[in-house]
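Line order of the protein sequences matches chains U and C.
For the record, in the first sequence the residue sitting at position 319 is 456 according to our numbering, with numbers rising by one throughout.
For the record, in the second sequence the residue sitting at position 52 is 1173 according to our numbering, with numbers rising by one throughout.
FYI, nobody ran anything at the bench for these hints, they're computed from the structure.
Check the hints yourself; a few may be wrong.
To be verified - For each label pair, taking beta carbons as the anchor points, the in silico distance ranges come out as:
hint : chain 1 : residue 1 : chain 2 : residue 2 : range
1    : C       : Arg1262   : U       : Gly431    : 31 to 37 Å
2    : C       : Asp1304   : U       : Ala488    : 42 to 48 Å
3    : U       : Gly311    : C       : Asp1336   : 49 to 55 Å
4    : U       : Gly606    : C       : Asp1304   : 48 to 54 Å
5    : U       : Gly431    : C       : Thr1320   : 31 to 37 Å
6    : U       : Asp272    : C       : Glu1204   : 18 to 24 Å
7    : C       : Gly1347   : U       : Ala377    : 40 to 46 Å
8    : U       : Asp491    : C       : Pro1574   : 52 to 58 Å
9    : U       : Ser466    : C       : Thr1546   : 53 to 59 Å
To be verified - Reference excerpt, derived from the structure (chain U facing chain C, CB under 7 Å, subset only):
hint : residue
10   : Leu188
11   : Ala191
12   : Gly207
13   : Val209
14   : Glu216
15   : Thr267
16   : Ser271
17   : His292
18   : Ala332
19   : Ala335
20   : Gly336
21   : Trp359
22   : Gln578
Stated by the list, open to error - Which bits of chain C does chain U cover? Going by a derived footprint, with three or more residues having C-beta under 8 Å, they are:
hint : region
23   : 1245-1259
24   : 1472-1486
In this text, a Cβ means the ideal position worked out from N, Cα and C, and glycines have one as well.
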Amino acid sequence: MPRGGDVFDPDVLRAVRDAGLAEARRLGASEASLRVEDVRTQLVALRDAALETAVDDTEIGMGLRVLHDGSVGFAATVEVTPDAAVRLARDAVGTAQAVAIARRRAVELAAEPSHGEVTWTSTHTTDPTTIPFSDKVGLLEAWSRRLLDADGVDHVSASVHCVSEHKHYADLAGTVATQHRVRLHPEVTAVALEADGAGFESMRTLAPPAGRGWEYLEGDGWDFEGELAALPELLAAKLAAPSVEPGRYDLVVDPTNLWLTIHESIGHATELDRALGYEAAYAGTSFATPEGLGSLRYGSGVMHVTGDRTAEHGLATVAIDDEGVAAQSFDLVKDGVLVGFQLDRSIAAAAGRDRSNGCAFADSALHVPIQRMANVSLQPAAGDGPSTAELIAGVDRGLYILGDKSWSIDMQRYNFQFTGQRFFRIEDGRLVGQVRDVAYQATTTDFWGSMEAIGGRSTYLLCGAFNCGKGQPGQVAPVSHGAPSVLVRNVNVLNARAEGGR
Amino acid sequence: MSEPAGLPPADAVVEAAVAAAGGAGCVALVEERSEAEVRFATNTVTTNGVRRARSVTVIVLAERDGGVTAGVASRAGDVDVAELARAALADAQGSPPAEDAAPLLEGSAEGGFGDPPATTDLGTLGSVLGALGGAFERAERAGTVLAGFAEHAQVTTYLGTSTGLRRRHVQPTGLLQLVGRADGGARSAWVGRGTVDFTDVAIDELESALHRRLDWATTRVELDAGRYEVVLPPGAVADLMTYLYVNASGADAEDGRSVFSATGGGTRVGERLATMPFELHSDPGAPALECAPFLAVGASSSRASVFDNGLALESTAWLHDGVLQQLFYPRARAARSGCAPAAPIDNLILEVPGAKGSTDDLVASTERGLLLECLWYIREVDPTTLLLTGLTRDGVYLVEDGEVRAAVNNFRFNESPVDLLARATETGATVRTIGREFNEWLPRVAMPALRIPDFNMSSVSPAS
């Protein structure tokens, strides 16, 4: 299917941005930015090797945001023509004027210089949305059959989610950015039913979603062959494993699990819009407030967390954000202390900062950009650093946890509970088989404060998600989190079945 | 807001798409959205907008390997439907035979199919906007900080099939949420309302409801984790029942992969899940909760099939008299399983016939227990029991001798909505409400307050 080459024709883009921005300026907007987006999303999902869900959706649209007399107005449409751009400018200014009646304070945007004309493409070889549908079904079918043929596998779910995102951004400052990025998320889950017919266990692949092309599924960046080959035996061992004894354990957490703990307890907690109350009605606030900058003890001294929109293959990686701010990399937690926040231009101004650090994102042309998460990553230990096996060797009684599953955290980002895909019991520094029904629960600063050791570069992996939700109306954002393996002492482990009264 | 000037009429797009399929089985869906929203925080308006959108979905059927396949393609805006139909056909030809294949439903054109889409604009939110300025001023004087969101949407769906069916549905949705925080967030409360057109929403009434609860929180006690008698208000029940509803797939249950799977195979349909005579049902004609009376889906799933587009949706009991009645079954799977097809309907009602009384009434008859306001960050922990975890948010109160005595710290809970129905000991009258967390996905719900004698508060959350 065509990508809408007509919409991304340079002449069309020039005509619509000139028309929309000129009208916004004529109507008195102090700031205006226009985005044209063409986002193609494909989802193919198989259930027991039969096609269950097929989506091939191309969302095309144009959105225009203005700052007019201290109020924000936004208007969007699916038409991409100069006439439509002029109407959008009028509607956006009209919206700003209509809400002024309830405005108590003027909105400001931190300044950002013009970056001129920028063209950027994420690192990839083959845009995954260009691969024929039948090839996608064929690959997933082969993976599914292989697992269904293995002993002890009763059901298999397999899916791949592919996105190709074209964005064209232009603002009154003079930045004109045309960006294309791709991403994909393959997932395969094998299910085994209990022999007594009561309940089941599942085991999902650990392969993270990535800002990569179709080559990812052919082995560039992940060993799918190896992972699928190991899955049936891992599942059978999990089904036969004892239920975990609840209590305090030392945890060695693999990056495939830790990324989500980072996302929830650091990524969202260091969004300054939350700390200042802009998400109080929805996503929530944060225990990490500006007063704690430079003093709040977030975790142990080995903890160094960065935010960036620059990591290669990162799901939040861009060249220019959705407010015309150039991509940056910055510290959030250094030596265990809170040292930074993620910002967009309005939040930077509200906090008295000179400049945004580039964390604005809108999930389509039809939504207004808001502060969204950078790639927030825990840095590995310097030098060679310990391997995961060396971390495990330092534990007498513990659990080694891989893969994410269930997650939940409170609205101020204190109390969290996570489960996982694979839990290996550690005894005297060695893995001694799986257990099941594990959930770990902690308070953010206690957990990170108990982090005794961090794995080296060899344990580091960029994981992430496509579906981070925030804002009203709701928006979803893709984001990556790099993490090494870590050793965290004395964490509260629950038995999920016991929690359910079983 | 301004009309999209350059797009052909939606009904004409449906006709063109069906024609473009060239005699192949075809379903065409056009969804027109018109939306307006106002967002506010820190006692002022923040991000506000209006939008118009159109998406066109074309589903084309093909015969392959003795079966039938379906290809689906969708695209926004000014769409070349011939191109879209070709893309859908190519996908159909590249698909294995669909397990959900069923003959397209026959039908005719209903009146009004050619009517233009319904629209909205910020004018619908005019009364809210007009009242917010005063509310912010009062809040600032009282040392309270208001945050929230008001949105109105008109979504018009046009559905056509190569078998003659033509249907149109207009879905208005209005939501208003208001949070009040005081003492740096140490005291907080939430109110939410669902509405068709905002004529029945008054900001000052919501402000009073907020202040009543903020006043309750001027006294505070700390309680440990443990099992408590809890009064769940209708909004909290809505979020829990929404989770149960979306997990009611017949295929998942038959495959042994859900809380509705029977031990040893099959499903729990026919099994008593609760001793109280709960009725859980959906009804496109439910007053004030009206929703589409026909199925319109752009993708198949374990709950619904693209082959079933246009299926008439009628009042459906999921639970009757506390007994599980029906799970989601696309027609093809239902035929194989020998049960009735049922597709998701866009509203949900839980009631116990004859139950009376409000949340306040349940509080008044509580000797010692907790009153919650809402639940948050609800996620599945164990699918075999549908064990969910989540947090209490914006108000937990200690009730003694029928009176609210103080606010209590927040908790993390671990509970299954299926178990909660089984353990509930009392319900109030069913009222229109919205869930705090899932109102965006299921905005049309009516629920009663529930009394749970032993709700599992797994740990304390220091959050406020």
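Structure-based check of all given hints:
no. : hint                                : verdict
1   : C:Arg1262 with U:Gly431: 31 to 37 Å : holds, 34 Å
2   : C:Asp1304 with U:Ala488: 42 to 48 Å : violated, 22 Å
3   : U:Gly311 with C:Asp1336: 49 to 55 Å : holds, 53 Å
4   : U:Gly606 with C:Asp1304: 48 to 54 Å : violated, 28 Å
5   : U:Gly431 with C:Thr1320: 31 to 37 Å : violated, 51 Å
6   : U:Asp272 with C:Glu1204: 18 to 24 Å : holds, 21 Å
7   : C:Gly1347 with U:Ala377: 40 to 46 Å : violated, 33 Å
8   : U:Asp491 with C:Pro1574: 52 to 58 Å : holds, 57 Å
9   : U:Ser466 with C:Thr1546: 53 to 59 Å : holds, 56 Å
10  : Leu188                              : holds, 6 Å
11  : Ala191                              : holds, 5 Å
12  : Gly207                              : violated, 10 Å
13  : Val209                              : holds, 5 Å
14  : Glu216                              : holds, 5 Å
15  : Thr267                              : violated, 12 Å
16  : Ser271                              : holds, 3 Å
17  : His292                              : holds, 6 Å
18  : Ala332                              : violated, 11 Å
19  : Ala335                              : holds, 4 Å
20  : Gly336                              : holds, 4 Å
21  : Trp359                              : violated, 25 Å
22  : Gln578                              : holds, 6 Å
23  : 1245-1259                           : holds (count 6)
24  : 1472-1486                           : violated (count 0)
The structure fails to meet hints 2, 4, 5, 7, 12, 15, 18, 21 and 24 from the earlier list, while all remaining hints are met.
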